[in-house]
Every structure is written in structure tokens, then in C-alpha cells.
Amino acid sequence: MKSGWFRPVSYAGWEIAWMRVFLAIAVYLAFGKIQTFPAAEVEIGLGRWMNLSLFHQPGWGLGKGVLGLLPRNLFQIIVLIGMLVYASGRLGWLVLPVVTFLFIGTATLNTSQGSIQHHLQAGAMLLVVLSLWYVGCAIWNKTVPLRALSLEKVHRFVPFFAIQVLAATYVVAGISKLEKSGIGWIADTRFAPVALRKTADQHFFSVTDHLPERASGLFDGLPVLVRGFFLECPWAAGPLLGPGLFLELFAFLALAGRRAALVVGLLIIGFHYAVSEVMNLRFEMNTHLLLIFMVNVPFWVGLGWRKGVARFG
Amino acid sequence: MKGFLLRGLKKRANLAFLYLPFVVLLVVPFLVGEEFPVSPFPMYNQWNEASYLIYFQDNAGEPVAIQVMTGYKAGRYRKMFDRQQRIIRDELATEGIKKRLSDFGPEEWKPCGIWLLEWLDRNCDEGRLRLLESLRPLAVIRRDLTLKNGVIDQVDTLVVTDEDREGWQLREKEEELR
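Chains as they are written, first to last, in the working numbering: chain A, 273 to 585; chain B, 4 to 181.
Please keep in mind that the hints were generated in silico from the structure rather than gathered at the bench.
Glycine residues also receive a C-beta, built at the ideal position from the N, C-alpha and C atoms.
Heads up, a few of these hints could be off.
What the hints assert, rightly or not - Footprint (simulated), chain B over chain A, 3 or more residues, beta carbon under 8 Å:
1. 300–310
2. 374–386
3. 396–407
4. 422–433
5. 439–447
6. 451–457
7. 468–479
What the hints assert, rightly or not - Below, simulated BS3-like cross-link-like pairs (lysine-lysine); rule was C-alpha separation at most 30 Å, straight line:
8. B:K101 - B:K151
9. A:K425 - A:K579
10. B:K101 - A:K452
11. A:K425 - B:K14
12. B:K102 - A:K425
13. A:K414 - B:K82
14. B:K151 - B:K102
15. B:K82 - B:K101
16. B:K113 - B:K82
17. A:K452 - B:K102
18. B:K13 - A:K452
19. B:K76 - B:K13
20. B:K151 - A:K305
21. B:K82 - B:K151
22. B:K151 - B:K176
23. B:K113 - B:K13
24. A:K414 - A:K425
25. A:K452 - B:K151
26. A:K414 - B:K14
27. B:K113 - A:K305
28. B:K176 - A:K452
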């Protein structure tokens with residue numbers, strides 16, 4: 273692949289192998305944390321075509337389970353095996369669609385209670401795009417064997433597509449803000465303290481005094497200080513939250529190359545950290561995917577190591 | 004020259020094709036709306052000077068740690084309450100009554116609160132429901148927050164209690180007899 277701005281980056285085989293391993297871990301962890309419900313209250317996505325209760329434990333249809341395993345445990349094992357096979361670099365066309373179906377089914381049930389959650393969409397969409405890519409390549413190789421794509425080439429496009437999915441997620445969120453509020457969104461951030469107070473109160477009424485006071489270290493006290501600062505000085509919300517909109521709108525710059533992906537990835541992770549601490553909105557899977565595909569830690573650690581060895585012997 | 008141009012165009016077409024996922028993912032959310040995993044990510048797409056939250060009180064009037072007791076955060080209940088309000092708004096609209104959510108009051112909030120209490124009974128594990136039993140009747144409280152002259156004003160309103168639910172009194176009598 274040729275290198276250049278906005279062209280697919282030439283990743284080394286070992287980088288892509290690490291990405292597969294980390295993606296497998298991220299998907300498995302995220303799947304295990306999806307909260308499900310006995311039934312869907314609202315028909316949404318996959319729920320329009322099938323009964324999503326199947327994805328809840330103890331589950332519907334499979335009754336007491338298979339071999340003593342409840343459906344959710346069984347699905348968790350299937351996801352683990354599927355992602356292990358994918359991490360090995362083989363049978364992506366077979367295991368990814370299965371994992372994608374289970375992930376989307378379970379996550380759709382999570383968000384079908386009339387209270388839409390937004391922390392799993394990017395991960396689910398990434399699985400959809402990768403499934404389509406692997407299945408599409410498998411069909412191509414069967415139908416046009418003379419121009420078949422090597423497995424190495426198929427894997428090599430994965431990070432490029434993954435960054436597109438992640439970038440699109442944030443650009444859409446930015447456009448959505450512009451569509452609803454226009455550029456006045458930035459000026460309206462003076463009302464952000466109301467949202468911050470709502471978040472703080474909701475957190476209190478979720479746990480009241482059932483959670484022990486956390487240690488008063490810097491990282492524990494900082495969110496409380498920031499929230500308090502915004503409540504005291506509403507005018508400060510604009511200059512501090514406004515750049516978040518531009519970060520979302522320009523997330524596509526991550527496609528420009530390795531360095532751009534690193535910078536955009538780190539900025540968005542920082543943004544997520546601030547939002548999760550101050551607004552109590554956790555986007556764990558997004559953060560993991562940004563670390564894997566945009567920040568690409570192994571590459572930069574490897575580069576730093578090589579440069580260090582070259583310089584200091 | 005012609006061949007060179009054609010080759011250049013073909014390369015650009017190939018590159019454009021590789022960006023197909025990005026383009027599709029930018030357009031589809033705005034055409035389809037909220038259909039998991041497709042989403043236009045509308046969270047915090049507008050900031051308002053007023054907002055509200057929902058919380059629960061026990062039979063002694065103390066706030067219930069709803070996530071600890073039911074497994075679900077207070078924010079989830081607020082979103083569901085909001086959705087029920089929108090359903091009522093749309094139903095009113097079909098009857099020719101146009102009412103904004105900000106004009107809603109206790110009359111419209113009541114069915115939303117009852118829906119929440121019933122959702123809780125449908126979706127909580129039996130063990131959690133048994134724990135909740137000693138705190139019942141539960142009350143659903145709406146806390147309205149409004150930013151006025153740099154200060155956030157707070158108003159708590161009782162929306163509904165378990166006792167307002169159909170069949171609740173009967174259930175109480177049955178419990179007493181047992």
C-alpha cells in the first residue's frame with residue numbers, strides 16, 4: 273500500500289496481530305458487562321424481527337439452558353471462543369458474524385427499555401463492518417480465485433476500517449449537535465451546570481450513602497472539584513466544553529495517518545475521561561477501541577524502544 | 004496521456020471505494036434514526052436552562068438507593084419517564100390537543116410514574132423485589148432544576164406512589180391476610 277495523507281497506513285503484521293488480540297479482549301469484556309432485561313419494552317433494531325428475550329438470563333426459548341448452561345453463559349462462551357479464533361487470524365468470515373449477532377442482540381435488549389444507551393453502538397458497528405469485510409472477501413476469493421486476496425491483505429485493512437467507524441461515530445455526534453442547536457450549541461453551554469447538577473443528583477439517588485466515601489486523592493477529588501467549579505462559574509463551561517464539539521466534528525482527521533490518529537485518539541480519550549468523571553457517562557468500549565486502533569500503543573512503544581536503543585546503545 | 008489519466012482516476016476511485024464505510028456511517032444514522040447499532044448520537048445535542056430527574060422515596064420518605072436496590076441507575080428511570088411523557092404527548096396530538104412537554108404537570112406525569120413502578124416489578128430479580136418490599140409503598144419524585152440568575156433552583160414534586168396503582172390496595176389486604 274502506498275503511504276500518504278488519508279491513504280490506508282501500511283501496518284506491520286505484528287501490529288495487526290496485536291490489534292486482533294486486543295479487539296478480542298475488548299469485545300469479550302464489553303459483552304460480559306451488557307445488562308439485559310426479561311423482555312424488550314420498545315421494538316428497536318433487531319428487536320423488530322425477533323424476540324430479544326433470548327439474550328436474557330435465564331432466557332427465553334432455551335428454557336433451562338443447554339448442558340446446564342444458561343443462554344447468557346453459553347453466549348459468553350461462544351463469544352470467547354469466537355474472538356479467540358479471530359485473534360488467531362483464521363476464520364474471521366465465520367466467527368465474526370456469529371459474535372456480531374450475539375453482541376447486537378444482547379446490546380439491543382439493553383437499549384430497548386425506552387431508555388436508549390449509547391456506549392455500545394461504536395463497538396457493535398465495528399463488528400458489523402468487520403463481519404461484512406471478512407464475509408465479502410471470502411465470497412470474492414471463492415468467486416474470483418484468480419484475483420483472490422491474501423489473508424494478510426484482508427487483515428491489513430482492518431485498522432483502516434476500524435478508524436473509519438470510530439471517526440464516523442464522533443463526526444455524527446458533532447453533526448447531530450449542529451443539526452439540533454446550530455453553532456449556538458457553544459453559547460448554550462452556559463446552561464451546562466444544570467446538566468452537571470442533574471448528573472450529580474442522579475448519582476446520589478442511585479447509591480445515596482450505600483457507597484463509602486472514596487479516598488480524597490487527586491483523581492477522586494478532581495471530578496468533584498470540576499463539577500463544583502462549573503456550578504459556581506457557569507460562564508466557564510463554554511470555553512471548556514465548546515472545543516469538544518470541534519473535536520467530534522474533526523475526528524475524521526484520524527484517517528490522515530499514524531500521527532494524526534495518535535493525536536485524535538488521545539484527545540478523544542481525554543475527552544471521554546473528563547465526560548465520564550464529570551457527567552458520569554462511561555464509554556469504556558469506545559475508549560478501548562480508540563486505544564487499540566487510533567493510539568496503537570504497541571507501535572509507538574516499539575518505535576520509542578528502537579530509537580532509544582539506537583541512541584543510547 | 005489518456006492512459007495516465009485513466010490510471011489516476013482508477014486509483015482515486017479505488018481509494019474512494021475504501022472510504023465507503025465512513026460515508027455510509029455518516030449518512031445512514033440521519034436517515035434511519037435510533038435503530039441499534041445505528042444512532043445519530045443525540046445525547047447532549049442541546050443545553051437547556053431547565054432539566055429534571057427522577058428518584059424514589061421509601062415509606063418513611065427517605066430516598067431509595069435505586070441502583071443498589073434494583074440494579075438500575077436513576078438516569079435510566081429518568082430516560083424511561085421521559086419516553087412515556089413523549090408517548091402521552093403524541094397521543095394527545097392525535098386527539099388534536101397540542102401540548103409541550105414543558106407544559107406537562109402532575110396529571111400527565113402520573114401515568115409515567117405508574118409505568119416506572121410497573122417496569123420495576125417486571126424487570127427486577129425476585130430477590131431484589133423481596134428486599135424492596137420492606138420499603139414499600141415507594142414514591143416516585145420528580146426533581147425540576149432551573150438555572151435562574153446563575154443559581155440552580157430546585158423543586159421536588161410527588162408524582163405517584165405504589166398506592167396509586169390499580170390493585171395495590173387489594174394486594175395490601177391479601178398480604179395482611181397472609
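Do the hints match the structure? See the list:
1. Against chain B, the region 300–310 of chain A contributes 3 residues with a C-beta closer than 8 Å to a partner C-beta. That satisfies the three-residue criterion, and the hint holds.
2. For the region 374–386 of chain A, the stated coverage by chain B is satisfied: 7 residues place a CB nearer than 8 Å to a CB of that chain, which reaches the threshold of 3.
3. Beta-carbon proximity to chain B at under 8 Å applies to 4 residues in the region 396–407 of chain A; the threshold of 3 is reached and the given coverage holds.
4. Check on the region 422–433 of chain A: 3 of its residues sit with their Cβ under 8 Å from a Cβ of chain B, so the three-residue criterion for coverage holds.
5. Residue count for the region 439–447 of chain A with a Cβ under 8 Å from a Cβ of chain B: 7. That meets the three needed, and the coverage hint holds.
6. Interface restraint, the region 451–457 of chain A with chain B: holds (4 residues with C-beta to C-beta distance below 8 Å; minimum three).
7. For the region 468–479 of chain A, the stated coverage by chain B is satisfied: 10 residues place a CB nearer than 8 Å to a CB of that chain, which reaches the threshold of 3.
8. Of the pairs offered as hints, the one joining K101 (chain B) and K151 (chain B) holds, with about 27 Å between alpha carbons and a cut-off of 30 Å not exceeded.
9. For the given pair, K425 (chain A) sits about 28 Å from K579 (chain A) by alpha-carbon distance, which is consistent with the 30 Å threshold.
10. About 21 Å separates the Cα atoms of K101 (chain B) and K452 (chain A), which keeps this hinted pair within 30 Å; it holds.
11. Distance check on the hinted pair: K425 (chain A) and K14 (chain B) sit about 17 Å apart at the alpha-carbon level, within 30 Å; holds.
12. Pair hint K102 (chain B) plus K425 (chain A) does not hold up; C-alpha atoms about 58 Å apart against a cutoff of 30 Å.
13. The suggested pairing of K414 (chain A) with K82 (chain B) is violated, with an alpha-carbon distance near 48 Å, which exceeds 30 Å.
14. Simply put, K151 (chain B) and K102 (chain B) have alpha-carbon atoms about 24 Å apart, close enough for the 30 Å limit, and the pair holds.
15. Restraint check: the Cα-Cα separation between K82 (chain B) and K101 (chain B) comes to about 22 Å, which is no more than 30 Å; the hinted pair holds.
16. Proximity of K113 (chain B) to K82 (chain B) is assessed by CA-CA distance (about 16 Å); at most 30 Å being required, the pair is judged to hold.
17. Restraint check for K452 (chain A) and K102 (chain B): satisfied, since their Cα atoms lie roughly 20 Å apart, inside the 30 Å limit.
18. A distance of roughly 39 Å separates the Cα atoms of K13 (chain B) and K452 (chain A); the hinted pair therefore is violated under the 30 Å criterion.
19. Using a Cα cut-off of 30 Å, the hinted pair K76 (chain B) and K13 (chain B) is violated, with the two alpha carbons roughly 53 Å apart.
20. The hinted pair formed by K151 (chain B) and K305 (chain A) fails the criterion: a straight-line CA distance of about 40 Å is larger than 30 Å.
21. With a CA separation close to 24 Å, the supplied pair K82 (chain B) and K151 (chain B) stays within the 30 Å bound.
22. Simply put, K151 (chain B) and K176 (chain B) have alpha-carbon atoms about 47 Å apart, too far for the 30 Å limit, and the pair is violated.
23. Note on K113 (chain B) and K13 (chain B): the hinted pairing is violated, with a Cα-Cα distance of about 63 Å set against a maximum of 30 Å.
24. Under the criterion of a C-alpha separation no larger than 30 Å, the hint pairing K414 (chain A) with K425 (chain A) is consistent with the structure, at around 16 Å.
25. A hinted pair counts as satisfied when its Cα atoms are at most 30 Å apart, and K452 (chain A) with K151 (chain B) qualifies at roughly 23 Å.
26. Of the pairs offered as hints, the one joining K414 (chain A) and K14 (chain B) holds, with about 25 Å between alpha carbons and a cut-off of 30 Å not exceeded.
27. For the proposed pair K113 (chain B) and K305 (chain A), the alpha carbon gap of about 33 Å is over 30 Å, so the pair is violated.
28. For the hint linking K176 (chain B) to K452 (chain A), the alpha-carbon distance of about 51 Å lies beyond 30 Å, and the restraint is violated.
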